[in-house]
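Protein chains in written order, with the working numbering: chain A, 1 to 408; chain B, 1 to 408; chain C, 1 to 408; chain D, 1 to 408.
By construction, these hints were calculated from the structure, which means they are not laboratory data. Errors might be hidden in some of the hints.
To be verified - Chain B regions said to be covered by chain C (calculated; three or more residues, Cβ under 8 Å):
#1 17-30
#2 65-72
#3 257-264
#4 271-283
Claimed, not checked - Derived pair list, reagent style PhoX-like, types lysine-lysine, alpha-carbon separation capped at 20 Å:
#5 10/A to 406/D
#6 179/D to 285/A
#7 400/C to 331/C
#8 124/A to 56/A
#9 195/B to 331/B
#10 52/D to 179/D
#11 406/D to 285/A
#12 240/B to 179/B
#13 400/C to 285/B
#14 331/B to 406/B
#15 400/A to 285/D
#16 285/B to 406/C
#17 10/B to 124/C
#18 406/A to 285/D
#19 285/C to 400/B
C-beta: ideal position from N, C-alpha, C; glycine also.
Number of protein chains: 4
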Amino acid sequence: MDFDYTDKVKDLQGRVTAFMQDYVIPSEEPISTWFAENRDEWGAAPMMDDLKAEAKKQGLWNLFLPEDSRGAGLSNLEYAPLAEITGWSPTIGPEALNCSAPDTGNMEILSRYGSPEQQEEWLKPLLAGDIRSCFSMTEPAVASSDANNIALRIEDDGDSWVLNGRKWWSSSALRRETKVALVMGVTDPEAEVGKRHSLVCVPIDAPGLTILRSTTVFGFDDRHEGGHGVLDYVDVRVPKSALLGPRGGGFAVAQSRLGPGRIHHCMRLIGMAERAVAMMTERAKTRVTWGEPVADQGVFQTWLADARIQINAARLVVLNAAFKMDTIGNKEARHEIAAAKIMVPQVARDVIDRAIQTFGGAGISSDFPLAYLYVTARYLQVADGPDEVHRRSLARAELKRVPLLKVM
Amino acid sequence: MDFDYTDKVKDLQGRVTAFMQDYVIPSEEPISTWFAENRDEWGAAPMMDDLKAEAKKQGLWNLFLPEDSRGAGLSNLEYAPLAEITGWSPTIGPEALNCSAPDTGNMEILSRYGSPEQQEEWLKPLLAGDIRSCFSMTEPAVASSDANNIALRIEDDGDSWVLNGRKWWSSSALRRETKVALVMGVTDPEAEVGKRHSLVCVPIDAPGLTILRSTTVFGFDDRHEGGHGVLDYVDVRVPKSALLGPRGGGFAVAQSRLGPGRIHHCMRLIGMAERAVAMMTERAKTRVTWGEPVADQGVFQTWLADARIQINAARLVVLNAAFKMDTIGNKEARHEIAAAKIMVPQVARDVIDRAIQTFGGAGISSDFPLAYLYVTARYLQVADGPDEVHRRSLARAELKRVPLLKVM
Amino acid sequence: MDFDYTDKVKDLQGRVTAFMQDYVIPSEEPISTWFAENRDEWGAAPMMDDLKAEAKKQGLWNLFLPEDSRGAGLSNLEYAPLAEITGWSPTIGPEALNCSAPDTGNMEILSRYGSPEQQEEWLKPLLAGDIRSCFSMTEPAVASSDANNIALRIEDDGDSWVLNGRKWWSSSALRRETKVALVMGVTDPEAEVGKRHSLVCVPIDAPGLTILRSTTVFGFDDRHEGGHGVLDYVDVRVPKSALLGPRGGGFAVAQSRLGPGRIHHCMRLIGMAERAVAMMTERAKTRVTWGEPVADQGVFQTWLADARIQINAARLVVLNAAFKMDTIGNKEARHEIAAAKIMVPQVARDVIDRAIQTFGGAGISSDFPLAYLYVTARYLQVADGPDEVHRRSLARAELKRVPLLKVM
Amino acid sequence: MDFDYTDKVKDLQGRVTAFMQDYVIPSEEPISTWFAENRDEWGAAPMMDDLKAEAKKQGLWNLFLPEDSRGAGLSNLEYAPLAEITGWSPTIGPEALNCSAPDTGNMEILSRYGSPEQQEEWLKPLLAGDIRSCFSMTEPAVASSDANNIALRIEDDGDSWVLNGRKWWSSSALRRETKVALVMGVTDPEAEVGKRHSLVCVPIDAPGLTILRSTTVFGFDDRHEGGHGVLDYVDVRVPKSALLGPRGGGFAVAQSRLGPGRIHHCMRLIGMAERAVAMMTERAKTRVTWGEPVADQGVFQTWLADARIQINAARLVVLNAAFKMDTIGNKEARHEIAAAKIMVPQVARDVIDRAIQTFGGAGISSDFPLAYLYVTARYLQVADGPDEVHRRSLARAELKRVPLLKVM
């Protein structure tokens, strides 16, 4: 048991930190201005290309992908503290390093389950940062928290699959660079529960596929990431070769993206919470009420101490889950992942909320990133499975566990 | 002691409910669409005029103003349950009845402290719903939670006051109908603490007054209410007659708007929380996970029960504060108001958050009003004095209180 | 709607307060000492007789009983603020006024459902404060939160009922003055659910009835109230006339004690929380850390403010429930009662916990009453139905409610 | 970074677990019965001697002491998971292995700062488990949370120190085996703050030292550990050689016991929380309400999942603090220790409270250990420095920290 980062990780932390400090943080204001001035743009601001080029040059690219041949070959445990640092600027940092959702998860699926043709067509340009992608799973008409409810039909029609249904929360769908949607639907309605769903790759410009609009998140349009698309699939036809992974294996395949995806989100949330702490600390030192800097006041100090306690605990939970993924596999580590997925957004939310309160009106505005960070944390209590689903899984596992000691 | 509404109130509740059901709720979607299609409009959608005309016709107008001669002559206790009902649709209901902030508070100040000229120029058209107004108090450069920090200078220069400084969170400043800003600033920097600040009325088109932009609230631009203006005052010159209330009496005068204003916000928040409950209940009945309607599941039922408990308690707290305002005066009732101001936004926030979680992705989007309601509740933990300021006042009062029994 | 106490209530508040201040509070230390020195005594300390005599003399007797003929004829709304005051010293005050559980509930049942013989034998001496009683419902072998689980058999055997089973949490069973147990059991196992249980009166010295021992509550033995008896019923035979209320009507009859009983507990909890506030305020003024009285420190002031907010809200909830019991009846008011039963112990617990933390080591000891008060509040989250049962009822009622406005 | 226990630790875990299962758990009931039947006994039940002999025989002795020569030579990181296991039965397990407070801390001080004579007289028999000891620091008359308030006078009088003052919370003082008190007091009232206090060793039977009584903890008398003594020191005279560590260095010396002591408490609390989970899980499987085992109900599952999340996080926090103590030293690790000291009791309290609620009346009684476990967790929010003191230290450290990235 050893709680110190390895030298390899410390070196990478230093390099990612320097990249964030030198390139990403200074880009925040110009990128924000660009979006304000280009109200119809859905996608990266132009300066993103420079950031990506610089990251590539520095070898800070595809750090998320554990495979040596395609990614940086880092373990989850090695990647976690780096993803955390990118979370300090979550709308820019991760994408600059080609480590942003939903592409990361899609690359993982394509890397593991994609056919050579699918890998050539979609994975290669994704790894290069040339295109983007979306993941189309959630549906507006049903409670997607129970994935068995997913109803989009993927019918077997000779040489083709034919898709009919409506999806939403297909993040990044509205970006101009997005070329493909990975779509979950029912191929085998008569099969047993758990074997009915499959995944297919659908070109975003496929006839019959219409991006109706984007949803907002607490008022934010999330244009920087291409929004959250509401997608209509009407007789969308793709060739049989578009099937991604085994027929009826949709849930198993999707898990290969959801496990790492969840933990990546948690890693970044730690960074967001750290940013909130850095900001509230700085602010409290410079604001005075009733003759005393806020930083010297007991109520603020309680917030700050609790923030530190919670963040440090949450980080350990994430690192431990990453370690388990590396050592016993994503599937066996699913309860550690679920625990992190429940705990970390709550911690981030609490911490950021106190930072907002420290800032007062400035905190709830978008003059500072706190309100956006808060919303991101809240969003993740719903996305990738709401807390309640993960609690249910954890409880059921706990009920099966044999306790260390027999006491009753 | 009697916890039943009077017949007069019950009658008004019925009428306001009918107005909301027949006119306001059906306007939500068209107004929302109008704002989506008119992205540069700051102010009421055109259908608001019809709603106001109808409300006037039905005698549901200026219900907030306790004075017989100008308003509806309702006590705070009578108005509270009506304001609650308007809170079910907070971006439309209150304005339709000419009961929306910040105008209500401004009308209260003008009614109590305005000179006949000020009343003729500003109060009369406000009461008629012909113009709107803003209140310019908070400043970006200081911690406004300690009002003594307010720094905008109002200098005595012969026949004029000359204003220099920057304000923000001047809500409604960007509406085209807005004609006047009530501005708090320092007229007497050498006076003792508490006697340095005064209020003046400044025409919104006064030379030197520039509306720089609006701030957002968690991503929402609040265009329906004319945003939250960031206002630059550079050598803004108004005549001496623009002084509102006594020189050096700015805080006392402002209190006459803040007390009722805070409790009005609380009343409406109760209605917002009730709407969230109505929505989550309905949603839970129609969504099924693992073979069981969400409404039948224990976790949801816990949320629902807690929502009911919290809302009913919060309503009593608000009604009691309103009763105290009516019977012992706003000043003596300040601790009851402060308690409501702390408790009710927290309750509303909790309740609405659970409704959001019940809705999942739909809850955090703007396809439903929940995300906006949540943000409104959160906003009120900062606006009109952050919770921490009110807790400080309450604690100091408590420390002076003689306990019922001597036990130590 | 009127939130002021009536003059009648104010007068009674003054008299009960004076009684508490002059007689009850000064008795706390000697009674506590008496119990420490008489470690085998289960029941009232000798000074209790004097207190009861004094209360009777002052006309402060049986205030809880709404019936003119037998009790003080106060409504629930009138009694609530008086019960609150007795809660400042909960182990002495209520009993001194003959207003302590479980006798109050038993008197209510006997008064409403008792036969003339039962009233003569048990009710009359209870009203006089000459004997005590217990209520035997909860069983160790089943989850009593679902009352249908109650399994003690009451068999019909000719002229007699024959009881077999085990009960616990029969509070006051171990007092020497206790003469009768009201026992819930199954008389009609084949009847439909809800009609299987009945109540019988069993003399505490009935052959076959053994008081095995008392349970503690978090380490407290509660000897002052006669503990919490574990009772074994083995072929306990009582005459047919011992049936209390209709056969099969056990639940309905029990409700007549549980409704008022729950709200009485809540009333007293408000008083306990007030005592905690009075104590923490006083303590904080006299203790200094890092050069500043604790009372002047922000963290303490936050606790104090929140205590005030929570207590005042909880009191309103209790008063409103009492009002509803008076105006629409206990049955129709059951949801208001349930809400109070959930909210008030939680509030009391929070408030008292902060008082304990203010006292530090002194708070968790029994040198001060805070630890006992805390445990009493915690106890009430389990007693008379755990919170979860009441939440379930509230949620089911809420699901049936028609919302004020139709919004979905 | 490695989150797996070493083989050495796994082996020890297995051995301690077996000892607990085979010897300690089966002793719980007879020891509890012995205390019930011997109401005036303060100290170990007779069966404790056998347990200690067995533990010694198995080499499970003094595991807490990192020094090879005297203790087991385990690092804090190695000891932590073992202490956790002893926490499953906290009134028996730790003492059986000679690892119970306050002796462990006293042995650490004596081992590090004791003179050869002190070590011979006190340390040696403590290590052998032949005597016990107490630590006399907290005082009833002042807020001990600010240690500078400690006022007991230790006057320099020729060859002697003369002690005058009153202490309380001197745990274990009432045990018959207790021979020595380590006493903190003021030797140098004129020195600068932080250099005024010193420690001396005082034989428990020293003339002038009177054990007045024991305080309770939420009703528990804690006789098994010798209670919590209230000690009067009146002209207690000890030789100059009784000084423990340097004169004026009392705080620094005490820290050498408080750091490890705090983390040991946290370790054991993890075990207590695990026991609560094991118990609630088992209970929920066997109790049925409304036709469904409690274990299958959503509300219970939420509690269980949250318990698992919180405990696992808390364990990581403790292990990381232990690792830091081993690698950077107790002083540098003080913030990690403080964080654990705040977080873990809160987690344990939450978890145990839910277990109590699952058990209902059985949970608050002493028929099961849950109520005692709860009180132990609550106690630790006050003992060894209340949470508020540790939050203050953490916040002040945080305010000095340089953030990873400069963002404001």
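Against the structure, the hints:
1. 17-30: holds (count 4)
2. 65-72: This one is violated; 0 residues, fewer than the three required, reach chain C with a Cβ under 8 Å.
3. 257-264: n = 0 at 8 Å, threshold three: violated.
4. 271-283: holds (count 8)
5. 10/A to 406/D: 19 Å, holds
6. 179/D to 285/A: 51 Å, violated
7. 400/C to 331/C: 17 Å, holds
8. 124/A to 56/A: Judged against 20 Å, a Cα distance of about 15 Å means the pair holds.
9. 195/B to 331/B: Holds, at roughly 18 Å.
10. 52/D to 179/D: Holds: residue 52/D and residue 179/D sit about 19 Å apart, inside 20 Å.
11. 406/D to 285/A: 15 Å, holds
12. 240/B to 179/B: 19 Å, holds
13. 400/C to 285/B: 11 Å, holds
14. 331/B to 406/B: 28 Å, violated
15. 400/A to 285/D: 11 Å, holds
16. 285/B to 406/C: 15 Å, holds
17. 10/B to 124/C: It is violated: about 45 Å lies between the C-alpha atoms, which goes past 20 Å.
18. 406/A to 285/D: 15 Å, holds
19. 285/C to 400/B: Cα-Cα ~11 Å, so holds.
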